[in-house]
Amino acid sequence: DTEVTQTPKHLVMGMTNKKSLKCEQHMGHRAMYWYKQKAKKPPELMFVYSYEKLSINESVPSRFSPECPNSSLLNLHLHALQPEDSALYLCASSQVRGGTEKLFFGSGTQLSVL
Amino acid sequence: DAKTTQPPSMDCAEGRAANLPCNHSTISGNEYVYWYRQIHSQGPQYIIHGLKNNETNEMASLIITEDRKSSTLILPHATLRDTAVYYCIVPRYGGATNKLIFGTGTLLAVQP
Numbered sequence: 001d002t003e004v005t006q007t008p009k010h011l012v013m014g015m016t017n018k019k020s021l022k023c024e025q026h027m028g029h030r031a032m033y034w035y036k037q038k039a040k041k042p043p044e045l046m047f048v049y050s051y052e053k054l055s056i057n058e059s060v061p062s063r064f065s066p067e068c069p070n071s072s073l074l075n076l077h078l079h080a081l082q083p084e085d086s087a088l089y090l091c092a093s094s095q096v097r098g099g100t101e102k103l104f105f106g107s108g109t110q111l112s113v114l
Numbered sequence: 001d002a003k004t005t006q007p008p009s010m011d012c013a014e015g016r017a018a019n020l021p022c023n024h025s026t027i028s029g030n031e032y033v034y035w036y037r038q039i040h041s042q043g044p045q046y047i048i049h050g051l052k053n054n055e056t057n058e059m060a061s062l063i064i065t066e067d068r069k070s071s072t073l074i075l076p077h078a079t080l081r082d083t084a085v086y087y088c089i090v091p092r093y094g095g096a097t098n099k100l101i102f103g104t105g106t107l108l109a110v111q112p
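Respectively, the protein sequence lines represent chains R and S. The first sequence begins at 1 in the numbering used here and counts up one residue at a time. The second sequence begins at 1 in the numbering used here and counts up one residue at a time.
Anything over 10 Å on all C-beta distances counts as not near chain S; from chain R, calculated: (1) Leu11; (2) His26; (3) Ser71.
The calculated SDA-like cross-link candidates involving lysine to any residue, where the alpha carbons are at most 20 Å apart (straight line), are: (4) R:Lys102 / S:Ser61; (5) R:Lys41 / R:Ser86; (6) R:Lys40 / S:Asp82; (7) R:Lys41 / S:Thr83; (8) R:Lys41 / S:Lys99; (9) R:Lys102 / S:Tyr32; (10) R:Lys22 / R:Pro8; (11) R:Lys102 / S:Glu55; (12) R:Lys102 / S:Asn53; (13) R:Lys41 / S:Ser9; (14) R:Lys40 / S:Pro8; (15) R:Lys18 / R:Pro69; (16) S:Lys52 / R:Arg97; (17) R:Lys38 / S:Ser9; (18) R:Lys102 / S:Arg92; (19) S:Lys99 / R:His29; (20) R:Lys40 / R:Ser86; (21) R:Lys40 / S:Gln42; (22) R:Lys38 / S:Gly103; (23) R:Lys41 / S:Phe102; (24) R:Lys38 / S:Gln42.
Because the hints were derived from the structure by calculation, they are not lab data. Where is the CB? At the ideal position from N, CA and C, for every residue including glycine.
Put together the whole structure using the sequences plus the hints.
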């Protein structure tokens, strides 16, 4: 199984809603990532978890709250988002081998904030 | 941090080799060069990586210059399905793990 599964594939939410994005992998990878991608732009790193601990937070606003309940799951909790937060949210996990690291990405959740 | 520079777009005829250049003149001696691609509406996909030797796998070949300041990704026989944005990345070490920061990439359009 070399898949990173993200749910839901599409999400529409209002600015007062609370929602969560989910990411799952069963490859035994110990690092997991959240990226945000606006249309026609490259993915932007948001968070990195390593061994279920938050390793990197790229100064992301607190309305985005990551959670790593176990080594296979990664969540992104959303609250009080703004329309400009509408984007494709990508999850990835990584395999470290011989000092190099290869990321496997999911297909993303397309989020629209109204 | 090693920054990469790529042309914004390239065209290639179907069946011909696609050669995608990348400049990484500030790369350090122990930093790897990675290539990923992103087909429209999908997540990025790992292609290949290298340190100083040329590398080849089932997807592509990677040629790194002797001074390591630039590299070229080669798709030997491009197909329409290879139309994608190709990213050349030199990860930054972020403590417990590397930080894979995407630049603007090269949009490769394979023409029939």
